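Peer 1: Now for the letters of each chain:
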Amino acid sequence: MVKNCNIICILCPNCCDMRVSFEGKEILELEDARCPRGLEYAREELFNPTRTLTSTVPIKSHYWKTVSVRTNKPIPKDRIFDVYEQLSSMRLAAPVKRGDVLIENVLGLGASIIATRSVLE
Amino acid sequence: MIEKDIDIAVIGAGPAGMAAAISAREKGVKDIILLERNPFLGGILIQCIHDGFGLHLFDQNLTGPEYAEELIQHLIKAKVPFLTEAMVIDINAQKEIRVVSRQGLLKLKAKAIVLAMGCRERTRGALEIPGTRPAGIFTAGVAQSLVNLQNLKIGKEVVILGSGDVGLIMARRLKIEGLKVLRVIEKLPYCSGLVRNRVQCLRDYDIPLHLSSTVIDIHGKDRLEALTAAQLNEKGEILYDTAEVIPCDTLLLSVGLIPENELSRKAEVRLDWRTLGAEVDDYVETNTPGIFSCGNVLHIHDVADYASQEGFLAGERAACRVRENQGKVLRFPVNASKEIKYVVPQLIREDCRETELKFRVTEPFENIRIIVKNGGETLFRKKFLKIMPSEMNMVKISSDKPLDKVYVELEKTEIA
Numbered sequence: 001m002v003k004n005c006n007i008i009c010i011l012c013p014n015c016c017d018m019r020v021s022f023e024g025k026e027i028l029e030l031e032d033a034r035c036p037r038g039l040e041y042a043r044e045e046l047f048n049p050t051r052t053l054t055s056t057v058p059i060k061s062h063y064w065k066t067v068s069v070r071t072n073k074p075i076p077k078d079r080i081f082d083v084y085e086q087l088s089s090m091r092l093a094a095p096v097k098r099g100d101v102l103i104e105n106v107l108g109l110g111a112s113i114i115a116t117r118s119v120l121e
Numbered sequence: 001m002i003e004k005d006i007d008i009a010v011i012g013a014g015p016a017g018m019a020a021a022i023s024a025r026e027k028g029v030k031d032i033i034l035l036e037r038n039p040f041l042g043g044i045l046i047q048c049i050h051d052g053f054g055l056h057l058f059d060q061n062l063t064g065p066e067y068a069e070e071l072i073q074h075l076i077k078a079k080v081p082f083l084t085e086a087m088v089i090d091i092n093a094q095k096e097i098r099v100v101s102r103q104g105l106l107k108l109k110a111k112a113i114v115l116a117m118g119c120r121e122r123t124r125g126a127l128e129i130p131g132t133r134p135a136g137i138f139t140a141g142v143a144q145s146l147v148n149l150q151n152l153k154i155g156k157e158v159v160i161l162g163s164g165d166v167g168l169i170m171a172r173r174l175k176i177e178g179l180k181v182l183r184v185i186e187k188l189p190y191c192s193g194l195v196r197n198r199v200q201c202l203r204d205y206d207i208p209l210h211l212s213s214t215v216i217d218i219h220g221k222d223r224l225e226a227l228t229a230a231q232l233n234e235k236g237e238i239l240y241d242t243a244e245v246i247p248c249d250t251l252l253l254s255v256g257l258i259p260e261n262e263l264s265r266k267a268e269v270r271l272d273w274r275t276l277g278a279e280v281d282d283y284v285e286t287n288t289p290g291i292f293s294c295g296n297v298l299h300i301h302d303v304a305d306y307a308s309q310e311g312f313l314a315g316e317r318a319a320c321r322v323r324e325n326q327g328k329v330l331r332f333p334v335n336a337s338k339e340i341k342y343v344v345p346q347l348i349r350e351d352c353r354e355t356e357l358k359f360r361v362t363e364p365f366e367n368i369r370i371i372v373k374n375g376g377e378t379l380f381r382k383k384f385l386k387i388m389p390s391e392m393n394m395v396k397i398s399s400d401k402p403l404d405k406v407y408v409e410l411e412k413t414e415i416a
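Going down the list, the sequences are from chains W and D. The first sequence: position 3 = 3 (this note's numbering), numbered continuously. The second sequence: position 146 = 146 (this note's numbering), numbered continuously.
Honestly, the hints are just simulated from the structure, not real lab data. You may find that some hints are simply not true.
Unchecked claim - In silico BS3-like cross-links for lysine-lysine, where the CA-CA straight-line distance does not exceed 30 Å:
no. : chain 1 : residue 1 : chain 2 : residue 2
1   : D       : 266       : W       : 73
2   : W       : 3         : D       : 386
3   : W       : 60        : D       : 153
4   : D       : 386       : W       : 77
5   : D       : 156       : W       : 65
6   : D       : 153       : W       : 73
These figures come from a predicted structure and were not determined experimentally.
Produce the entire structure from the sequences given, and follow the hints as far as they go.
Peer 2: Okay, structure coming up:
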């Protein structure tokens with residue numbers, strides 16, 4: 001079945017609002033893309049959209065109440081809430097250093113949860 | 001009270017102030033102090049846990065805290081002296097600074113000052129929304145601090161008024177935290193935030209954006225219980241028959257940022273009514289000699305990297321000013337057509353032959369050309385398919401003659 005949708009390309013300030021028709025994993029038609037990068041972006045967004053999840057985890061420390069964290073690479077967009085769930089029961093204690101791996105290969109997605117700030121005491 | 005002479009004082013250790021202190025130090029000035037009122041360096045970056053920082057400066061996609069740590073490491077490596085929990089309470093045009101700190105009251109006399117105090121958020125009071133005054137109404141940045149730094153739950157059902165970037169970022173953040181984000185309401189017919197935030201914060205999470213709408217009443221005694229929203233016509237007048245009561249317990253405001261220039265005024269720094277920041281020349285020097293301004297206290301930036309780049313320039317120029325006192329320099333005004341909201345710098349020095357203009361447009365335009373002229377000479381000419389007020393534009397210009405008649409204009413072109 002042929003499906004249609006709109007995708008806004010965010011690769012440059014032109015921000016083309018593209019009209020895409022696709023069937024299965026194939027793009028049949030792409031309108032209103034002002035450059036060829038739009039097609040690649042539309043393909044990614046339709047068939048393999050990924051995002052970096054950023055959040056915070058409570059920490060016991062002298063001053064800070066949280067430490068900020070993120071996935072070290074983008075994960076499939078539809079797994080954001082599953083990965084967030086993994087963080088919700090987590091508690092840390094100082095010291096934590098920026099880049100420390102807090103969960104390795106989270107949910108088998110090939111990405112790890114890392115600290116984005118150092119909390120040393 | 002401790003009294004001390006110093007070469008350069010930088011006020012505020014956010015992305016602009018840290019960059020200014022680093023570049024001044026790298027230009028060989030050792031007698032510097034970076035003053036920060038918070039107990040930590042980094043300013044607002046620390047609560048901006050989302051990614052998208054550092055793409056221009058570090059060629060990496062970093063979160064706010066990571067971007068801050070990059071600069072802090074640089075600062076420590078360059079041996080820049082800094083003082084946290086140090087609040088500047090007064091400065092004057094003679095570059096005397098009073099600071100309240102853990103060491104007591106400090107009185108510094110500086111050869112140059114870099115202003116990098118950032119901005120603050122416009123509040124409900126400034127909008128004059130009618131209704132009761134219950135708990136549950138936050139500016140987006142305060143909510144960001146409560147959630148990301150204080151680890152607090154701020155409510156259950158949220159409406160966001162204003163589509164500024166912080167509001168969009170918080171819409172996503174609260175949705176991920178499990179709150180119901182009912183809608184974002186924007187009085188203008190277009191989104192005030194960057195398109196990438198509209199797409200990745202609202203569209204990704206199916207959060208509706210209601211344009212040409214506003215909040216006209218607030219209900220609830222102790223805690224917010226509901227608000228009334230209504231649509232606006234093209235003149236911005238409220239269409240009362242569209243009024244709709246939305247039950248919710250939390251309202252976030254993301255309705256604009258205002259450069260924080262109380263200290264600048266005390267130093268007799270002239271402000272620009274368009275930017276609400278200082279009027280500066282191509283050295284980002286204000287009308288008070290030896291006082292420089294950079295980052296969000298000068299004009300609101302949409303990307304931290306650009307605030308830092310402005311900081312590097314301010315620090316470099318402040319370092320030059322410490323070494324040599326300049327004589328009288330002529331400064332020529334930069335002018336612009338009415339579609340241009342503002343241009344920074346507002347002035348160009350007589351000896352300047354090359355500089356970068358930063359400007360925003362007043363409203364969205366399509367199929368236009370931006371032209372920068374210096375008298376009869378065209379210095380820049382480029383077609384834009386779309387230009388949005390949310391994006392700061394930067395244009396490098398150069399000439400072998402003095403830049404004494406610079407004029408930025410927007411010209412409508414034929415549709416391609």
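Peer 1: Next step is simple, just say for each hint if it's right about the structure.
Peer 2: We went through each hint and held it up to the structure:
no.	hint	result
1	266/D x 73/W	violated (47 Å)
2	3/W x 386/D	holds (28 Å)
3	60/W x 153/D	holds (18 Å)
4	386/D x 77/W	holds (29 Å)
5	156/D x 65/W	holds (21 Å)
6	153/D x 73/W	holds (28 Å)
Of the numbered hints given earlier, the model fails hint 1 alone.
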